[in-house]
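**Student:** Taken in order, these protein sequences are the chains called Y and U. Using this note's numbering, you'd call the opening residue of the first sequence number 946 and step up by one each time. Using this note's numbering, you'd call the opening residue of the second sequence number 7 and step up by one each time.
Just to be clear, a hint being listed does not mean it is correct.
[Stated by the list, open to error] Some chain U residues judged to face chain Y by a derived CB distance under 7 Å, without partners named: (1) 24; (2) 40; (3) 102; (4) 105; (5) 108; (6) 109; (7) 110; (8) 136; (9) 142; (10) 146.
The hints are simulated quantities; they were obtained by calculation from the structure and are not laboratory data. Backbone N, C-alpha and C define an ideal beta-carbon position, used for all residues, glycine too.
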Amino acid sequence: MSTRTIQGQKNLQDIKQSSPDGIGGSPLRPDGNLKVKGEFAYSSDLWHEDMLWGMALRSPHPRANIVSVDISDALKLPGVYAVLTHQDIPGSKFYGLEIQDQPALAIDKVRYHGEAIALVAADHPETARRAVKKIKVEYEVLTPIVTEEQCLDPETHGYVHEPHEFKSHGYGNICHEQKLVSGLGVTDEVRALADVIVSGEYEVGMQDQAFLGPESGLAVPAEDGGIDLYIATQWLHVDRQQMAPVLALPEEKVRLTLAGVGGAFGGREDISMQIHASLLALHTGKPVKIVYARDESFYGHVHRHPARMHYEHGATADGKLVFADCRIVLDGGAYASASPAVVGNAASLGHGPYVIPNVKMHAIALYSNNPSCGAMRGFGAVQAAFGYESQMDKLAEKLGMDPVELRQLNAMSEGDYMPTGQQIDSPAPVAELLQRVKDMPLPPPLDLTNLDVRALPGALSNTSHGEGIVRGIGYSVGIKNVGFSEGFDDYSTARVRLEVIGGEPVAMVHTAMAEVGQGGVTVHAQIARTELGVEQVTIHPANTEVGSAGSTSASRQTYMTGGAVKLAAEAVKQEVFARGRKRYGWTQNDLQLIGGKVVSESAGALIPLVDLLGDEAIDLTREHHHRPTVPFDKETGQGFGHVQYTFCANRAVVDVDVELGLVKVVELTAAQDVGKALNPLSVVGQIQGGCTQALGLAVMEEIIVKDGKVRNASFTDYLIPTILDTPPIPVDVLELPDPNAPYGLRGVGEAPTVSATPSIVAAIRQATGIALNRIPVRPEHLTGTL
Amino acid sequence: MRVTFTANGKPVEADDVWEGESLLYVLRERVGLPGSKNACEQGECGSCTVYLDGVPVCSCLVAAGQVQDREVRTVEGLAEENGELGLVQQAFVDAGAVQCGFCTPGLLVQTDALLEREPQPSDNDIREALSGNLCRCTGYEKIMDAVRLASARTCAKGPKA
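The whole structure should be built from the sequences, with the hints applied where relevant.
**Tutor:** Here it is as structure tokens:
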């Protein structure tokens, strides 16, 4: 008996060394080979025999009354199968993520440049383009409501929506507002407690997600009168929830399957062409494919809210923060989209990762006739971070302190309270992350004797050979919430099946999670391997046949759907043990699944899974809900509103050509606490990608909107960083487990996008001595030629 | 019009091609080669890069009629004869340079062309060569790693026979 046990334990040791592809390892993406072979089917690659091409007519005006729409000439064009307006919508004419304020096709008026008015289905995209041009629309053009001042004075300038329509916690042209007061708030008495006070006005331009794969999908009418939609999205179930009432179909007849997604970053949280393609398919009885051209993509999705912010901070002479007074105005554009939640984030995170005894905050989102804004990576925390981190640098300068030391002096840590009254109940290594980026080696100084102009500002344009170039270094840190907040019952569903295929135990994971490039499919397989002790895991295509996974956003998918996969796999494991106990009378309570076997620490390997399962699969579904949160009090902003916080610190080194105003980011260092790196390779990739989008916002990315009109809807004019604009991004990953999260993990994707932008601006300020209060920083801001 | 050309070594023909169609459209929608991607269709992002007579071009900027009787090689043609991944493809997978992967086909063709003319590029050479290919996901660091890895493996393999 004892011999058997010893053998068993030896056996167990050997088994335990297997599976480098479980959690904590870095197995390669299961879709990687298909992607490099060009065989992975993105949503724009779909094809169906006899399919038609759909296209929308879009408004050239940001604000106008529609006097008439004449589709007769368009319908006469050979090859055109349908031309639809709002009158052809069978069900509800409105949809929306949080507020159903957006018409699927414009009714009587348009509220932003690019709003869809009519749809065409034709046999060739060129036929569709020509038909769209033949639709005659008569407009009564109105002066658009586009500035903060205009929006806040509706008596003079009018309403984007009727005075009492479509407001959350707002009124007039304010879509949503959130106030927050903590400590004594900010009064004259509180101000008097501070030895130094700094204030500033800050502005953030409108950034675009600029995912590379255009909005696209294929809608196929089904025999049961329903619709099958193959679509690139971030959340299949919420698309369906918005689509079904418009199509006048029960939800079960609206079936969505995820097609390959070419990036998302928040831009696919809203409906784009889902309803349009489905309407055309149901109307014509034929499959309809819609693929946006790049300009249509800029018109067809929501962007990051541009912001105007006022910040005032007071501190004692030794650098302790006394108060923060903050006002954040976000331009939400024509429709609400995710504006209420973005405001909630800005208000509750807008003071930064600092302990501040007295805070007053007021955040609002406006309705305007500018393009609609909604979710983008960082979600309301990005804009604020530029404000509060600029203030920290200003304060450090006024106090004569090192900017990193000032931040560390005031950094929040575990056990501290947010201004919302929520106690931070997991590690918050803000000071340590700053120290880590500070301690990393600096890049070598510019060597003018051994120069490669490609590494200088201006790069291939050969604008400098080193003359006029000054180097600067800047630091920043940011805070971001993970998961959906403010009382939302955020959950995800996973189905895990364990069966024997070809003599091997194989796990199948089925969720509705949108894989948008972040690597969820890799991590889900790792979780199943770890929990079930099998090597072979297949990932079932994501669709609405399984329960909702929630959105691939808010840095939540590994936490939420990963958590659901873990729960389902654990349930399968328990079922395996239950069968074994029933069948073989096992009495051990230390059973595990390792290396394709049921094993016991005390009794060794008991039975191979293959033998235990036979031809009886175990197939179980579980939901993962995170711990409950509550909505913030409308007036005071108090409440346990967020599930988890995540932090990232950055150091930027920049070279600036002070004569031409050109900036080259030389290096952008990041340190982030990820709780537990389930896949270190992917974690680092997410942090580097997030830093690069932050770099874009710092120095180049902006949708230029003038009088409500978009001026740069193309990759020629909307600039995203190229490989020449992007520096090395060394990443230092810290793993301090969160006791409340699956495996102790912390959401990763957004924090670097929140924190990295201010570090770059700080570095440019240090190099030039110019106070910069608007991003993106443009050459004219640096040369004084504005 | 009818357009006939060679794609990845095989003769192909497309009928009823409208004169305004691009090579990209013909590849993706008419001859069943959707590997080259349609991200900007303006020559700015590089996602649709293919070899045309051995030279990397943005296939969105090439009119379909221009490829009559010429040779096109797409991302689908970078794999080995037996279907195994080519050296550059494998390096991108191994380095974690593929996230959403939409930019990947164009980057693979451009990298293949770079290593063909310069098997040991410096970092600045790589950045210059790939500066016409946008990637929105990765931050380019792992793409740099992938190209360095592909270069190292190319050199280890020795010159082509």
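**Student:** Using the nearest Cβ pair, does residue 110 (chain U) come within less than 7 Å of chain Y?
**Tutor:** Hint holds; residue 110 (chain U) Cβ to chain Y Cβ min 5 Å, cut 7 Å.
**Student:** Does residue 142 (chain U) pass the interface check with chain Y, least Cβ-Cβ distance below 7 Å?
**Tutor:** The hint holds - residue 142 (chain U) has a Cβ within 7 Å of chain Y, the shortest such distance being about 5 Å.
**Student:** Holds or violated: residue 102 (chain U) as interface residue toward chain Y, Cβ cutoff 7 Å?
**Tutor:** holds (4 Å)
**Student:** Please check whether residue 109 (chain U) passes as an interface residue: C-beta within 7 Å of a C-beta belonging to chain Y.
**Tutor:** holds (6 Å)
**Student:** Once the shortest beta carbon distance from residue 40 (chain U) to chain Y is found, is it less than 7 Å?
**Tutor:** Interface hint status for residue 40 (chain U): holds (4 Å vs cutoff 7 Å).
**Student:** A closest beta-carbon separation below 7 Å is what the hint needs, so does residue 105 (chain U) meet it against chain Y?
**Tutor:** holds (4 Å)
**Student:** Quick check on residue 146 (chain U) please, does its C-beta sit within 7 Å of some C-beta on chain Y?
**Tutor:** holds (4 Å)
**Student:** Given a cut of 7 Å on the nearest C-beta pair, is the interface hint for residue 136 (chain U) held or broken against chain Y?
**Tutor:** At about 5 Å, which falls below the 7 Å cut-off, the nearest Cβ of chain Y leaves the hint on residue 136 (chain U) intact, so it holds.
**Student:** Hey, does the residue 24 (chain U) contact hint survive, CB to chain Y under 7 Å?
**Tutor:** holds (6 Å)
**Student:** Measuring from the C-beta of residue 108 (chain U) to each C-beta in chain Y, is the shortest one below 7 Å?
**Tutor:** Status holds, d = 3 Å.
Of the numbered hints listed earlier, not one is contradicted by the structure.
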